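K.L.:
Below, each chain spelled out in residue letters.
Number of protein chains: 2
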Amino acid sequence: MNKIKILSEVDIKKILNMNIAINAVESAYKQKSDNKGEVWPLVFYEYEHNVFDLDIRSGNLDDSNAYGLKLISYNENNPKVGLNKVNATSLVCDSKTGQPIALLNAAPITSYRTGASAGIGAKYLARKDSKNLLVVGSGNIAIYSIVATLITMPCIEKVIICNPKNYNSLLNKIDNIKVDINNLLVECNLELKATIVCSNDIETSVKESDIIITATPSEKPLIKSEWVKEGTHFSCMGACMEGKQEIDELIFSKAKVYADDINQCIKSGESQTAFKNNIISNFNGEIGDVILNKENGRELEEDITIFDSTGLFIQDLATSLEILNNSNGIGIEVKL
Amino acid sequence: MNKIKILSEVDIKKILNMNIAINAVESAYKQKSDNKGEVWPLVFYEYEHNVFDLDIRSGNLDDSNAYGLKLISYNENNPKVGLNKVNATSLVCDSKTGQPIALLNAAPITSYRTGASAGIGAKYLARKDSKNLLVVGSGNIAIYSIVATLITMPCIEKVIICNPKNYNSLLNKIDNIKVDINNLLVECNLELKATIVCSNDIETSVKESDIIITATPSEKPLIKSEWVKEGTHFSCMGACMEGKQEIDELIFSKAKVYADDINQCIKSGESQTAFKNNIISNFNGEIGDVILNKENGRELEEDITIFDSTGLFIQDLATSLEILNNSNGIGIEVKL
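These protein sequences, in sequence, are chains F and H. Each residue of the first sequence is one higher than the last, beginning at 276 in the numbering used here. Each residue of the second sequence is one higher than the last, beginning at 276 in the numbering used here.
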């Protein structure tokens with residue numbers, strides 16, 4: 276068998292930045308819209324609910340002659356034994372022959388590609404004059420989503436971070452969050468210009484925001500429909516499994532709703548409750564259709580738009596391929 | 276992240292032999308019967324029917340504290356560009372933490388573990404005095420199945436190999452097949468004692484055989500029901516996808532039928548047509564239940580028995596773990 280390239284977390288951090296991720300994820304969404312990128316069925320297994328689970332995501336990108344998979348696990352108990360909660364590994368293969376070409380630590384890739392999709396949702400669906408960005412959640416995905424949205428929406432002046440479950444924890448780590456955001460912007464030769472504030476009042480924060488990103492593991496709505504002003508855009512990042520929900524399903528009745536993958540969103544996305552309760556019966560399109568102007572996105576200033584991002588392996592695959600293209604002299608090659 | 280062990284085809288061939296595979300696969304079947312080994316949903320994708328396809332198999336073994344997956348592809352065109360038809364890669368993880376612990380070239384493992392299951396089927400279901408073994412098919416799986424069955428059934432005196440599609444090709448390679456069989460036996464400190472013959476008359480061969488192993492990619496039955504004598508055992512290895520069939524579905528009406536995994540066999544095993552045509556409505560059990568004496572296997576000399584082996588990732592996982600246990604000083608460790 277041929278040699279495969281092994282890229283560790285350290286290797287990947289030398290190569291990847293948010294601009295690369297945004298371009299790669301856009302390319303994946305576009306290939307999907309053109310039927311050149313497929314999302315294969317998700318395998319999900321739970322050792323203990325909300326404590327230890329894993330999933331296998333897979334798919335292909337025809338323009339890139341590649342397919343592959345990602346095995347990602349989340350273990351809440353890992354920090355007790357000095358390990359990361361998330362372990363993620365991707366295998367990339369050549370779709371002309373089937374040969375494996377690379378093994379990558381997919382944990383950093385997951386953070387970047389997930390953040391990128393939040394930013395892409397805002398880029399194509401939010402009002403161009405959006406000034407206030409609210410991010411609900413203060414973990415890794417929140418940080419990467421803020422960075423991507425600051426890049427795609429340079430008009431943003433204020434970022435409000437709200438952690439409805441634990442405000443004190445947010446206050447304790449806000450300085451580190453600002454440093455992380457700045458470092459990720461510096462990787463793209465940018466700097467943090469927007470003001471970053473913490474909020475303990477989610478209702479007021481929702482009311483003053485133009486773009487809202489949700490990035491929590493919540494299983495019940497954190498944002499009520501009556502708080503949402505006209506013109507708001509939502510990028511919903513947290514719901515990626517059955518039973519998850521971050522925003523009131525009634526918001527869907529007055530919104531234009533876009534999926535990363537329609538089937539996956541109906542089953543496991545933020546839209547699942549709206550579908551179950553017959554609040555909506557279809558999407559306005561997939562994000563790739565909007566990027567390629569096959570479907571209309573926002574049409575009026577007062578439209579409420581929702582991007583339901585469940586996360587697709589093709590985002591990881593496109594990002595992994597960009598990393599591989601830029602990996603000369605980095606990583607090791609192993610005969611398999 | 277921790278270090279993972281990388282084991283190449285060459286590394287694995289230094290460690291693995293058929294005895295290791297038989298013991299590992301039996302252990303996997305037993306854990307499954309005790310609800311300690313699970314088979315997760317199969318992902319299958321076809322680039323071109325019967326030319327290029329791939330699947331992702333996954334699952335866990337609780338007693339071994341492990342889970343993982345195998346990505347395996349088959350590309351009929353690969354030899355034209357000097358590559359193997361089969362590419363297979365397994366990722367093994369620690370089921371206490373989720374950390375990946377090893378990446379293995381799963382092509383040799385697949386051959387051994389598949390052969391092992393044919394031999395285990397015979398061991399637990401064939402008549403103890405079986406003398407003649409017929410193997411339909413002459414590819415890799417046929418060779419490994421012969422070796423495993425010679426090990427589990429040392430009573431076998433004659434092996435008849437039949438390639439109904441291409442007898443000349445079989446004649447051309449029979450000397451190599453004998454060498455391969457002998458080499459695989461020598462790995463286990465055994466030698467080839469049985470006679471190996473080629474047959475171009477499948478009907479007569481079926482009529483004189485006690486054990487029949489089918490290992491072809493056939494999509495229609497090669498063995499007619501009226502040829503099958505009382506007391507015959509079948510280990511059906513070839514059917515692992517929808518649409519495949521090697522033996523007349525009418526044989527099922529007079530046989531005791533065992534699955535490696537009931538759900539997978541109904542969907543994609545040799546039993547699929549018998550189920551679709553309502554010839555049978557359930558199995559006599561899974562092979563693990565027979566090994567553990569939870570279900571009866573053969574009861575009478577004249578019973579016809581069928582083991583439908585679709586192939587389970589837990590067979591690969593158990594074998595991979597045995598390889599890892601014996602890999603001191605072999606392979607390389609890489610920080611991921």
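Hints are computed from structural coordinates only; laboratory data are not their basis. Check the hints yourself; a few may be wrong.
[Stated by the list, open to error] What follows is a list of derived Cβ distance ranges for each label pair:
1. F:E608 to H:P429: 28 to 34 Å
2. F:I607 to H:K542: 39 to 45 Å
3. F:N600 to H:V454: 50 to 56 Å
4. H:E466 to F:K288: 53 to 59 Å
5. H:K542 to F:K288: 50 to 56 Å
6. H:G604 to F:K355: 31 to 37 Å
7. F:V326 to H:E501: 39 to 45 Å
[Unchecked claim] Capping the alpha-carbon separation at 25 Å, the derived lysine-lysine pairs in DSS-like fashion look like this:
8. H:K468 to F:K289
9. H:K403 to F:K360
10. F:K280 to H:K468
11. F:K610 to H:K371
12. F:K355 to H:K403
13. H:K403 to H:K468
Predicted, not measured: the structure shown is a model, and the values here were computed from it. Don't be surprised by glycine CBs; every beta carbon is placed ideally from N, CA and C.
K.L.:
Give a verdict on every hint.
P.N.:
Hints, one by one, checked against the model:
no.: 1; hint: F:E608 to H:P429: 28 to 34 Å; verdict: violated (45 Å)
no.: 2; hint: F:I607 to H:K542: 39 to 45 Å; verdict: holds (40 Å)
no.: 3; hint: F:N600 to H:V454: 50 to 56 Å; verdict: violated (44 Å)
no.: 4; hint: H:E466 to F:K288: 53 to 59 Å; verdict: holds (55 Å)
no.: 5; hint: H:K542 to F:K288: 50 to 56 Å; verdict: violated (42 Å)
no.: 6; hint: H:G604 to F:K355: 31 to 37 Å; verdict: holds (33 Å)
no.: 7; hint: F:V326 to H:E501: 39 to 45 Å; verdict: violated (57 Å)
no.: 8; hint: H:K468 to F:K289; verdict: violated (59 Å)
no.: 9; hint: H:K403 to F:K360; verdict: violated (52 Å)
no.: 10; hint: F:K280 to H:K468; verdict: violated (44 Å)
no.: 11; hint: F:K610 to H:K371; verdict: violated (29 Å)
no.: 12; hint: F:K355 to H:K403; verdict: violated (54 Å)
no.: 13; hint: H:K403 to H:K468; verdict: holds (18 Å)
Going down the numbered hints, you'll see the structure goes against 1, 3, 5, 7, 8, 9, 10, 11 and 12, while the others check out.
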